[in-house]
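S.K.: In case you want the letters, here they are:
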Amino acid sequence: MTAANGRTGTVAAVLHVLRAGLLTTVQDRGRPGHAHLGVPRSGALDAPALALANRLVGNPPHAAGLETTVTGCAVRASRPVVAAVTGAACAVRVDGRPVAWGAPVRVPQGSVLEVGAAARGLRSYLAVAGGVAVAPVLGSRSTDLLSGLGPPPVADGSDLPVGAPIGPSAAADPQPYGAAGPRPGGELVLPLTPGPRDDWFTAGALTLLRTAYWTVSPASNRIGLRTLGPALTRVHDAELPSEGMVLGAVQVPPDGRPVVFLADHPTTGGYPVIGVVPEASLPAAAQSPPGTRIRFVPLRASRVS
Amino acid sequence: MRVRVLPAGASGVLVETADGAAAAALHAELVRRRGEGSLPQVTEIVPAARTVLVTGLADPRAFAAALARWEVPPVEPGRGEAVELPVRFDGPDLAEVAERWGMPPAQVADVVTATPFRVAFCGFAPGFGYLTGLPERLHVPRRATPRTAVPAGSVGLAGPYAGVYPRASPGGWQLVATTDALLWDPAREPAALLVPGADVRFTVAT
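These protein sequence lines are chains P and Y, in that order. According to the UniProt record's numbering, numbering within the first sequence proceeds without interruption in unit steps and concludes at 305. According to the UniProt record's numbering, numbering within the second sequence proceeds without interruption in unit steps and concludes at 206.
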C-alpha cells in the first residue's frame, strides 16, 4: 500500500518548504463521521479544486495536498515529482520559469516549485503524485485549525514526505474547469435552505436575509466565513441549548452578523442557525476575498415534517 | 415518539426532543438501528442537549416520516459497564462548590463518586463529554471569569453538566478534581474515552 492509499508507506520524495506563505496546510477530504466525538470534519475548503489537482497528477481522490492562502508557497523537491496547482488562479514557476496552472508539471530533482500569490480567489491547491504522506489522524491528514488535530500548519524549513506515485498523470486528459468564486469585483451568491432555527428570527430579519447585502469580513478563516453588514434580530433572547451544527450552517451570533460554517467548524454550537448553504456553494465562499459583496438567496422552505 | 424534525440543509435533519433524557433515548435507538443495519446510510449522528442531528441522508423527508412511527425505549442508566475515572479531589474551585452545595469540601467527593453519570454528548473539543447525572439542586453556574488555561485532566462542573478537559484549554467550568486518565488518544479506537451514551463513574484515585 502506498501513502496515498491511507497507510504509512514508502516515502518516495520530500518537499522542503522554502516559503510557507501566509497559511499553508495539509488537506485531504477531511474526517467526517467523528462529529459525535467533537471532531470537526476539516478537509480542503475548495474540495473540487483539490480533487482536480489529484486527478491531474494521477492520485486517488483521498490523497492529501497543500492548501495555500493568498500568498502561495514554495517547495524544493528532493526527487523528481509530478505536481499540479489548481484553485485560486496564480502564477506557477519551476526554478523561476513560468509553467502551467491547472495542469500536471514535472519538477526535476532539486528544483523549486513556486505557487504564486492568488490573482483570483484565495486558496490554491498543490497536489504531487503520490500525495503528501504525513501520518493520518482518524483516517485523514488534514490540519484542523479549530481542534488542532492533524499536522501543524506548514512552516518555513519543514520537510513534507511524498508517497510513491500510483497512477498515470492525466496529462493527455485536460479537465474542463472553472475556478470557484466570483470574478474580481463580483458578487458571492449563496443559496440557503431555511432552518433549523429560522423561527428564532423576526419577520424583519427574514426579509433582510432575502434583500440585504453583506460583505466578506477579513476575520474569515477555515472555521467560518464571517460577514459585515446589517444585524439579523431574534424574536427572543432565550439561550439555545447546544445542538449539532452542519457544514454550511449560517449561524447568527449575538451581534447579528451571519457566519457561514466552513470545514473546521465546531461540531456543536449554541447560537441559532437561520439556514444552511449547500455544500456545492461553499468553495465559492472559501475563494471570496474580504470585501466581496454577499447575497443570500433563501430557497423555498421545505419542512421535513 | 413525539419529536419535532427540523431541516438542517439538503441532507440533514435536526430532531428536537422533549428533554435531554428523550434525546439520549433517541440517540441510543439511532445507534442501535445503525448497528443492526436497519438505518438508511448516514454520515453523522450527533446528540446534543435536547436534539440529535442526523446528516448524510438521501431522503430526509422519508426518514422524518419513518421516525414519527418509531417506538423509542427510554435509556436505563447503569445497564452497561461504566467507564471508571479515578480522580483526586484537588480542584481550585472545590471549596466554592462545597459552599454552594452546603457541605464540607470533603463531602463533595462522596457525592460525586456516588453519582451515576452518563455521557449525554461531546463537543467543545475532541473527546470532551458533557456528563449528566447531577440532580438539579447540585447544578452550579460557570465561573464569572473563565480561566485562560485549564490543565488537561481537570474535572469541572457547569450547569447540569460535569466534564473532563481532554487537553489544556481556556475554560469557565468550576474545577473540583483531576484525573490522569487519557481522555483523548487518536491511536485508540474509539479515540475518545467518553463516547455519547457511555455510563461513567468517578472513583477516588489511590
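Be aware that one or more of the hints could be misleading.
[Unchecked claim] Pulled a few chain Y residues facing chain P out of the computed Cβ check, cut under 7 Å:
1) P7
2) G9
3) A10
4) L14
5) Q41
6) E44
7) V46
8) T55
9) W70
10) F89
11) G123
12) A125
13) P126
14) V150
15) P196
[As the list claims (entries may be wrong)] One side of the interface only, derived from the structure: several residues of chain Y facing chain P at Cβ under 7 Å:
16) A8
17) T43
18) W101
19) F128
20) T203
21) V204
These are calculated hints, taken from the structure and not from any lab test. Glycine included, C-beta positions come from ideal geometry on N, C-alpha and C.
S.K.: Okay, which hints does this one fail, numbers in order?
M.R.: 5, 9, 10, 14, 18, 20 and 21
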